[in-house]
Amino acid sequence: MNTPKNLKYSDTHEWVEFLDDGIVKIGLTDYAQKKLGKLVFVNLPLVGDVIAIDEAFSDVESVKAVSDVLAPIDGTVVEINEALLDAPGMINDDPYSAWLVKVTVISENGELMDSGEYEDFCAKEE
Amino acid sequence: MEKKTPLYDCHVEAGASMVPFAGYLMPVQYTDIIEEHMAVRTKAGLFDVSHMGEVMISGRDALKNINFLFTNDFTSMTDGRVRYSPMCNPDGGVIDDLLIYRISEGRYIVVVNASNRDKDVDWMKSHIFGQVTLEDISDSVAQIALQGPKSKEILAKLTDINGLPEKYYTFAETCDVAELKCLVSQTGYTGEFGYELYCHADSAASLWKALIDAGKDEGLIPCGLGARDTLRLEAAMPLYGHEMDDTVSPLETGLDFGVKLLKDDFIGKSALIARGEPKITRVGLKVTGRGIIREHCPVFIGEEKLGDTTSGTFLPYLNGAYAMALINKSHSEIGTLVSVEVRGRRIEAEIVPLPFYKKS
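Protein sequences appear in the order of chains S and F. First residue of the first sequence? That's 342 in the numbering used here, and the numbers climb one at a time after it. First residue of the second sequence? That's 31 in the numbering used here, and the numbers climb one at a time after it.
Looking at chain S on its own, in the form it has when it is part of the complex (with noise of 0.2 Å):
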């Protein structure tokens, strides 16, 4: 499993990635991808839309199902990931640089992980 050292993770396997100016970047783990499957389809939010913590912001679909993406802190989108759109499956080929939304924080939540501590919770979940 692939947990890059720079970024934090949310319980619900987003990964955060913190900008200079108070941007932050979120995507899906790679834990996440492995389980969802190859994503088929992504529903983005959109620019200025407000994310709240652990409240959908997304959805990513897989042939089996659609799932939630949660958002691990609050927030404004300013910018999202159009590629996206038209190749969902970027998320399965390099989840850490197939981000879904920038976004400025307005709080975070002081429950993300570090790599050590994420891996750590997804043995658990095993």
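Wrong hints could be hidden among the right ones.
Straight-line alpha carbon distances no greater than 25 Å define the calculated DSS-like cross-link-like pairs of lysine-lysine that follow [unchecked claim]:
#, chain 1, residue 1, chain 2, residue 2
1, S, Lys-405, F, Lys-34
2, S, Lys-379, S, Lys-366
3, F, Lys-94, S, Lys-405
Worth flagging that the hints you see were computed from the coordinates, not collected in a lab. Values in this document were obtained by computation on a predicted structure and should not be read as measured data.
Please build the complex by placing chain F on the supplied structure of chain S, with the hints as guidance.
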């Protein structure tokens, strides 16, 4: 507590994800649904369908009984033939859809959906008459489906191909496959060329392993219920509980070919006649907008609701999102543009001919 098929250990060993389905723990996928789906379309796939039910109907009055219980006509059927039929309730709704194998005069095997097995057996038992016996042999029978263009080449390594059924919907009652006694039919639920092999539950694991080994070079892989569902949907084959149920008539869901209204009395006949020309029909939808349509989504033209989807997903071989729906016949013309509400959002779709996929 779910039951296990005789192949349960084979699936776990192969790393399948096991899920409860129709009272059994069944493999939903081994590696990836799309990969398994594509294997069946281009090479071959192997399915455990031992959860399906098998019922033996035999006796002097067997033919009379099946002609009364089921909507199709079996009068002209000869040994070694398979026929599809709905089984209706007195209101003309579908209790189940099934396959009937004629072994010999007065001896038939009926293959029923796993989820309907007990209901079907109870129903049939309470409606048989005359000199006939009905025996649920499901627990002693395993069923393995070998599907895909390479199926014959694979079976040829394990059996004399002269003994295999040559035509679609025919079967050979006794084939030795890998030295195991099987009934082999040229049938399936994928829209692809292939066979279904019935054997004794005790032989199932040996047969499964022999087939997997024999098919390695041809690209055969085990496939789960996930791929079985996407394959049957791509081929627009109806599934009980989706495209039909005890309120939907077989004529409404496009199964006219399995209903013979001109034959003698059968259960549901008078209701089917009384219901008249169907007002709803089964259609295919191709998503033209963005998104994936699943089952139970309302279908609209503008604000007028036409009906609901019955199955839908992303179809791997066609590489697009498709669905089937039961809608008003008056708006069912090919090319009609509709919108389908999925989780509060409208997705544009077009009515297209069924099946979505037909093997070349």
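So which of the earlier hints does this model not fit?
-> 3
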